[in-house]
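Chemist: We have chain A; now place chain B onto it with these hints.
If you read the protein sequences in the order shown, they are chains A and B.
Using my numbering, you'd call the opening residue of the first sequence number 68 and step up by one each time.
Using my numbering, you'd call the opening residue of the second sequence number 207 and step up by one each time.
Hints were generated in silico from the structure; no laboratory data involved.
Among the hints, a few may not be true.
Derived list of chain B stretches under chain A, where covered just means 3 residues or more per stretch with a C-beta under 8 Å from a C-beta of chain A [as the list claims (entries may be wrong)]:
{"id": "1", "segment": "222 to 236"}
{"id": "2", "segment": "240 to 252"}
{"id": "3", "segment": "267 to 275"}
Quick list of simulated restraints, FRET-style, between CB atoms [unchecked claim]:
{"id": "4", "chain 1": "B", "residue 1": "576", "chain 2": "A", "residue 2": "207", "range": "42 to 52 Å"}
{"id": "5", "chain 1": "A", "residue 1": "238", "chain 2": "B", "residue 2": "360", "range": "18 to 28 Å"}
{"id": "6", "chain 1": "A", "residue 1": "178", "chain 2": "B", "residue 2": "217", "range": "17 to 27 Å"}
{"id": "7", "chain 1": "B", "residue 1": "512", "chain 2": "A", "residue 2": "191", "range": "27 to 37 Å"}
{"id": "8", "chain 1": "B", "residue 1": "292", "chain 2": "A", "residue 2": "219", "range": "18 to 28 Å"}
{"id": "9", "chain 1": "B", "residue 1": "360", "chain 2": "A", "residue 2": "235", "range": "22 to 32 Å"}
{"id": "10", "chain 1": "B", "residue 1": "571", "chain 2": "A", "residue 2": "185", "range": "44 to 54 Å"}
Each residue gets a CB set at the ideal place from its N, CA and C atoms; glycine is no exception.
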Amino acid sequence: MLVKPDHAHGLLRLFSEQRAPLNSYFLKRTAHAWDAQDLVQETYLRLLAADQHGADDIRNPEAYLYTIAANLMKKHAVMRRNTPVGSDGLGEIIERLTTPCDAAAGVDREVRRQRLGQLIGRLSPKCRAVLVMHYRDELSYREISEQLLISASMVKKYIVKALTVCRQGMGRYD
Amino acid sequence: MTDRPNRDFSNADARRATEQAASWYLDQREGLSATDQEAFLIWLKQSPVHVGEYLAIARLHGDLKAATAMETMSAEQLRTLAASEPAVVALHGEREALFVPTARRQRNEAPRRGRSRLWLAAASVAVIGLFAAGALLFTPDHPRSDVYASTITEGRSLNLPDGSLVQLDRDSAIAVNFDAQFRRIELLHGSALFDVGKDPGRPLQVQIGASMLRDIGTVFAVRRDNAGDEVTVVSGRVNVLSPTHPWLDVLTRRLGRPSTPDNVVADLGAGEQVIIGADGAVTASSKHADIAQATVWLPSIIQFHNTTVGEVARRFNAYTTTPLAIDDPQIAAKRINGLFHAHDVDAFVAYLGSLPGVQIQRGNDRVQVIAATTGSKPAHHRL
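In isolation and in its complexed conformation, chain A is listed as follows (with noise of 0.2 Å):
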């Protein structure tokens, strides 16, 4: 899979199109925090930017956030590791974004999983419930709701909540 050398917009168009795959690229890279202030602010100004310019472009405004966020953690690689980046392959964007420091990354991602489990089964039980036959059983809010007799809309609810409380509880962990 081939990148055109804007490939900014290849980015777009394949975040945009392609989300699943890309979606999971994208988040195996561990070597920022989200909550590095500077990151999120630059992705903030740059969006703002974006839609000030070319408000029409935005049809999709989740590929847009998550294009600029790659360019940027591209241009942080590539500072990191003051080496040019050849900007003719997706790929080769992808693996410089994942693997500047792999093997800590795979620890690092286990000691948050690990974390994320404990903060699992301590959500309550309807919560806890709904997030692990949604995430690990693949059910839908329809098929949990016939099983836990609640509406489809309750579950969503409960989906929100319990993705609220581990993300407070993760904190500034990862």
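Modeler: Just chain B, lined up with the frame of chain A:
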């Protein structure tokens, strides 16, 4: 007058931002209409915190498959567990109900004669013996001071009737005394930040200890301290006047003359700071004060809901030596929602610049927010 307590970004606020992010993230997985995508973009633009939380949730989402795989309970056991939870707990996570206006605290009015007034009264008695003009001091419309105090645990924000905005640090108090000719405020103890409303015909004077500050359209911070009172100018200009005899001051004022002779001991511009001793003499001064340090007690987050651009800009102006100037009344009256780090004025400026019809011009001493000239969109932008 409005009055609200200053709290830092609370856990409840943080949780709300995360809940919104999680809710949007799930909505994205289900697919959104063009209108919803627009609403999502507006939400992202409202705050760097929203952007950060959204990316954090995306990352969390990526870890959840692996993390939930460690769960040892079967689906059946989970069902039983869920059924054991008695009642459905009300969840607050609805996007619509996310911004609740800050509850207004009852104003702790307690107007009383300030100590300075008692002192003045005592001084006046002496004056009577000396001057027949002393009668002037006892005209019945003699104004009283209103005292505003914050608690030990919480600061306070005051909008005074003249449009001035005063932020009180915890455990601080001011006495406010406005009449037709003068606006006088005395800092009784603690720290306060003044963002002075424009009223050229009625100068504002702030008394700290024996000294008087005369303001010329400004944001400045004052801290009372036994080791010396500290005055820091964030933007604009402030004159520090040496002590005068209170009775002379009152007398000249009653006679309708300018408040005080020009006994200026310091003329401070943006970023300058002085320490004043008990006798009114300047004991230390700095041309480049640490503004962040002087205002460290101000709230670190600025959150606003359905608030005018003008009002929000003033809140940010407490934190920057290059204040936002909004001369266009239409822009100033525009109502906005958002959540920003108070010391990150640049993000807010960028947000303002992204609003339709708004353009930003950066000057050396201020940032001008003006109406956009149409059709001047740059051809390229960085993604």
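Chemist: Against this structure, judge whether each hint is valid.
Modeler: Consistency of the hints with the structure:
no.	hint	in the structure
1	222 to 236	holds (count 8)
2	240 to 252	holds (count 6)
3	267 to 275	holds (count 9)
4	576/B x 207/A: 42 to 52 Å	holds (51 Å)
5	238/A x 360/B: 18 to 28 Å	holds (25 Å)
6	178/A x 217/B: 17 to 27 Å	holds (25 Å)
7	512/B x 191/A: 27 to 37 Å	holds (33 Å)
8	292/B x 219/A: 18 to 28 Å	holds (21 Å)
9	360/B x 235/A: 22 to 32 Å	holds (24 Å)
10	571/B x 185/A: 44 to 54 Å	holds (53 Å)
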